[in-house]
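> Letter by letter, the chains look like this.
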Amino acid sequence: MLATIVLNGCSKTENLNADIVGLGGDTWEKGPIDEWLNTNYTNPYNIQVKYKWDRSELGEINKNVIPIKEDLVIPVMDIIKKTWIVPYVAVKGENFMKKYCQKQFYLAGSPSYNSNGTITLGTAESGRKIVLLDLNTFDPENKPAVKQILHTMHHEFAHILHQNIAFSSDYQRITPSDYTATWFNIFRGAYNQDPALDKVMYEADFWGKGYITPYSRSNKDDDFVEMVATLLEGGEAYFDNVINNLFLYEGAFIKRNANGVYEPNTAAREKLLKKKSIVIAYLKDSWGINLKDLQLKTQAAIEAAGPTPNFIELLGPGNLYRSITVNPQKLKNLSQSFLTAYNTSSTGLQQNVGYYIDNISLLFPAANKMTLRINFMDPTAVLGPGYNGDFDFTLTEEDGVIELKYANPQPAAGTTYGNARVIEKQVVSLLNYFNNQQFAVRWVEDIVPQSKSIFGGLVKVSNPNSYVFGTL
Amino acid sequence: MKKYLLYIVLVALGLNGCKKDNDKPIIGDVDERLSETLQAYSKQLTDAEFGWKGYLLTDNQTSATFLFKFDKKNRTVMAADYEEEPAESSYRLKALQRPTILFDTYSTLHLIADPNSNVIGGTTGMGYYSDFEFAFMSSSADTIHLEGLLNKSKLLLIRSKSKAESERVFSALSDVSEAAAKIKTYFKRTTIDGVECEVKLDGASQIFSLSYLEDGSLKTVSTYYYVSGTSVTFYTPLQIGKTTIKEITDVGFDTGTSSLKARINGAQISIKEALVPMKMDMTAAQRWYDQKAVNQNDCWVSDKAFHAEGVDDFCNFKSVPNFQTLWYAGSSVFGQPYDGMIAMTTSLMAPYTASKMPIDVIDGKAKFTLIGSAGTFTGTSPIAKAMSAARTILYGGATPGSSEEWYLIPTSNDGKRYDMVRAKDAQAWISWRPR
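The listed protein sequences correspond, in order, to chains A and B. Position 37, counted from 1, in the first sequence is what the numbering used here calls 37; the numbers after and before it change by one each time, with no gaps. Position 180, counted from 1, in the second sequence is what the numbering used here calls 180; the numbers after and before it change by one each time, with no gaps.
Please keep in mind that the hints were generated in silico from the structure rather than gathered at the bench. Predicted model, so just to flag it, every value in this text is computed and none were measured. Quick reminder that beta carbons are idealized off the backbone N, C-alpha and C, glycines included. Treat the hints with care, as some may be off.
[Unchecked claim] Ranges of calculated distance between the beta carbons of each label pair, as one might list FRET restraints:
#1 N333/A x T346/B: 48 to 56 Å
#2 R33/B x Q104/A: 30 to 38 Å
#3 K82/A x F234/B: 52 to 60 Å
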């Protein structure tokens, strides 16, 4: 027996040194992009960034997708490093990122178009690889687009975290019955021809049900990571503003009592806050990450990557923002002196004329003019948009400080000015809040952290503790 | 005994297993061959001093012409007829199922493959059904046939022989179209292998077609083509009689004989003027007229108006502000008992003509008779000049009673596309489509 076995093994020599074509990866002459990626990703974090076309890297290989433009590779990867890797490293250290981060990026230029009409902007595969699509429209100046990429990054990385350490099953019990495979049917325009009503119905379909994004409704895992991603990419003020705007609606209008006090959507608020608290506890207990700290660093990094201009530069005719809307029922942290003026006017109006103030807005229709628009309601009438009373102030600006003077006389023509005459005697406290006063027109992130581009405000020069701010 | 048997079997097996050293592949190691093939293609591509002319036909039949240069560092510089500014990008050769060339970063070639229709158009999600990963199908020293991996578009690379040839790559197509346009008649006739053929060369959509009579009925064969130098080459060969035609070479206008000279498979052919259709379609004029009433808005429209005496848009409608289409419309448009010709700009616009309603059909030809005109046909305004010229062409005159006869040539199988050719000399024509 032994002899035969030895004989069997004797004579064949295999060539084990053959070069198999393509084995060991593709090669090409390295250029400056390859060097940059080596220095910033491959060497420090062992991350491979593939930007040259390789169809096999796509999840669905039979789609018309095209490669990324070469000159966008470094800008995209630079901003991802600064706003995703660096904040995590600052909170958890280099080794954490080296161990858990995705090991491969694949970049492509166009989105992947799906048969159901949606487009895919990115995919992730079991914590190994991130595919980022639609990058050829990337513009570092376009903050919403940049934030969308970061949202994808933080979304996918949060998947890795919970795939390593699961989050509490309490999470999926918060909104157990509203997960749906057809979440992608939630988009603006899907609900009603009237844009205002469509917006209300659209938002009610996810925020109103306790989900932070339409995608959250997909399943518990995506819900969880959308929560993480929104908290980090959107920031604290964004999340709080979502919560503070959740009310119950009657058609396009918020339900309210005879005094105009809104009925909050308490259920949705509680659900979202509970989800947030589970995210906070999970990050702290499972990973030792302080969400607030990470959020702060991510937001600071986003701001540093593309600084937001001063508010006054963005406000006014021909600019991004034309108005500030102040609705005390939707805002927290308005100054006491402003609220006193506001409430005095509203109460006086109600007692003497029978109307209440719903909200005010400050309009900037010309360089030398501000219009205070008081939106007031008749509680005996059917719920509707109410009436606008406009009060003009002349405006002079110097170095970001404006001085307002009540225009005398006020314009006579027009319904809104006519309305103003009806209520003007009752709203003196509001008019006086602005008249003959100097205000710094600025962001208010010292009052509401991380609120740049969400809230803009007017802060009294004579007393910085007296201010008003609102949505843009 | 059983044991012995077992031993014998094992020994036999052992001996069998030893004789294995003559299995070397006769044609060499497969990986070595693949590697050599890729290196050979790479050398072929990078050695072309003046670059390669590229002719692309995408899966939705969009044609494009390119000029490529490849260097040894995986970089390519390319220009296209739709983006003539040369731009650099990267490429690499890779052994996929077949030897493949990947244009692996975004380039001019990717523009027509881009599924985002905001880039240069096409269908959302598909672009123009083009490719940027191509397998090598076949090659000779100066020609490489490539096929797209995803959409199966065809890309032909032809080595450019000189700087001058490279410079002419984007004008060759229009040069041939212009030479063909010197034959002033709509009908262009030649004889191929004893078969008389009607020739049509559509430079805009790059379609070449031949029509001939077979058993008394008219047959048409057509193909997409590209033009390299003075050769018109077909993406699909055409068959006429026993002759297979892959390309028409040495195309040029011969002033002496007023004909287009060319060669097919080496044999000289001459494409000449012809005044009548090869086979008269006796009912086409009536069908055309009846279809007008079925079409939306009771009309036929033309995007390019009249071609006449060798000139496109002879009446110069493009000088009319906001010109869209020229209409031949029925009574429901005018609200009067006549048909007429009228231009569409931002709206239907005076002046317009009134024709006898219905048209007369004489020997299968449509006869248009002018019965009146409305609006200002005189003066120097662009629309007055254009409409005045168009009236003279359509009716053969400007005074009521003038009339002209026209052939109607169906150009689609559904009866919704016609070319209309002036019968007396075949030197004026117009293409009609439903609105």
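> Work down the list of hints and note, for each, if the structure agrees.
Quick rundown of the hints versus the structure:
1. N333/A x T346/B: 48 to 56 Å: Holds: the Cβ-Cβ distance is about 55 Å, inside 48 to 56 Å.
2. R33/B x Q104/A: 30 to 38 Å: 31 Å Cβ-Cβ, so the 30 to 38 Å window holds.
3. K82/A x F234/B: 52 to 60 Å: Given about 55 Å between the Cβ atoms, the range holds.
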